[in-house]
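Student: Taking our numbering, I'd label the letters of the sequence shown as residues 2 to 408.
Accuracy of the hints is not assured; some may be wrong.
[Unchecked claim] Only pairs whose alpha carbons sit at most 20 Å apart, straight line, appear in this in silico EDC-like list of lysine to aspartate or glutamate: (1) Lys-347 / Glu-138; (2) Lys-54 / Glu-255; (3) Lys-347 / Glu-221; (4) Lys-226 / Glu-344; (5) Lys-54 / Asp-175; (6) Lys-347 / Glu-255.
Since the hints were derived computationally from the structure, they do not count as laboratory data.
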Amino acid sequence: MNEAQSAPERRYLQRGTRTYWRANLALFASGFATFSSMYAVQPLMPAFSNEFKVSAAASSLSLSVTTGVLAFTLFVAGLMSDAIERKPVMIASLVGSALLSIAAALAPGWGTLLAARALEGIALGGVPALAIAYLSEEIAPEDLGTATGLYIGGTATGGMGGRVITGFISEFADWRVAIATIGVIGLVATLLFFWLLPRSQNFTPRRGMTLAQHAGPVGEHLRHKALPWVFVCGFLFMGAFVSVYNYIGFRLSEAPFLLGQGAIGAVFVIYILGIVTSPIAGRIADSAGRPPVLLFAIVCMAVGLAIMWPANLVAVVAGMALITVGFFAGHSTASGFVGLLAERGKGHAAGLYLLGYYLGSSVVGSLGGLFWSAAGWPGVTLMVGVVLLAGIAVTLWLMRWRRRVPV
């Protein structure tokens with residue numbers, strides 16, 4: 002019996018079938034719940050500063066501790082993904098993150114809230130680490146692009162929804178009710194996920210690799226001429242983006258804007274631009290090459306940062322729109338570039354990229370608070386400007402490298 006005859010026949014979920022749409026709706030709900038929970042605290046940072054009497058830098062830890070822990074959780078989960086059952090682990094991830102959101106809402110002190118948010122970084126890792134793996138195994142190859150796009154749409158909608166929902170609710174109630182609401186939404190999403198997601202048909206757990214076997218591809222990627230610089234791009238893009246989003250709430254709550262929590266939350270609706278930007282940037286990168294699109298993206302963010310300088314609400318929103326477009330164009334292009342450059346161990350390469358990406362959120366995002374405390378919005382602008390200049394230098398180097406080694 003030859004290999005083709007002995008291999009088990011794969012049964013894919015086909016577009017147009019009931020099970021295909023059930024799987025897509027389940028993963029959309031999981032993406033929404035995961036990313037709404039992660040970013041729900043961003044518009045609430047001024048409220049944290051007021052209630053717990055902490056600085057802007059300290060209040061940013063409500064997001065930074067989550068993304069910092071998540072960076073390592075995703076990396077480890079990525080290494081273990083071939084041995085992890087998909088649906089049970091994703092359900093545990095959703096339940097854990099929802100309950101920890103409710104725990105954060107009930108936290109009696111600042112330290113307790115940060116502890117709940119750090120634990121949430123562990124819980125949140127299960128869905129992003131396994132959702133794409135589930136899709137690639139269960140969805141018919143000709144329908145995979147659509148299914149993946151719907152999942153990513155759920156994550157982007159969740160990132161926007163979490164910010165907007167907590168902003169509006171805290172306007173009429175308080176931040177505790179707002180975060181608890183996100184937790185309840187997460188529990189509802191978990192029930193939908195449990196009910197809708199078909200069980201895995203094509204997943205066979207593999208024997209775990211040894212540490213030495215993991216170290217091989219990781220070391221190869223870190224020695225690559227270009228890949229480490231793409232990881233740096235992820236760090237810089239995310240660090241600049243999160244810094245602007247973290248401290249814009251502080252700026253808009255002060256004179257001359259004096260916006261309430263609901264109005265600040267409404268500003269985050271522009272996050273939805275990412276849903277449109279990512280696929281367009283991907284198509285352009287396929288034809289024009291990745292480094293030129295990375296350069297365009299980071300210049301777009303720099304222009305947006307400059308436009309935000311005047312104390313004018315229209316200018317601030319327009320600048321944030323450009324920063325959002327630039328960030329999603331850069332992130333989608335850089336993550337695709339990783340898969341193109343990694344000749345083997347693509348999962349390890351993706352894990353290293355996400356490690357840098359979320360560390361950028363954690364490290365640079367919190368550092369921005371020190372600049373806010375020292376010099377207000379001009380200080381944040383200075384810091385983000387330096388980060389973007391570093392990004393321009395890296396992308397220019399990648400453009401030179403690409404001319405020598407076409408990819």
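Student: Could you tell me which of the hints above the structure violates, numbers in ascending order?
Tutor: 6
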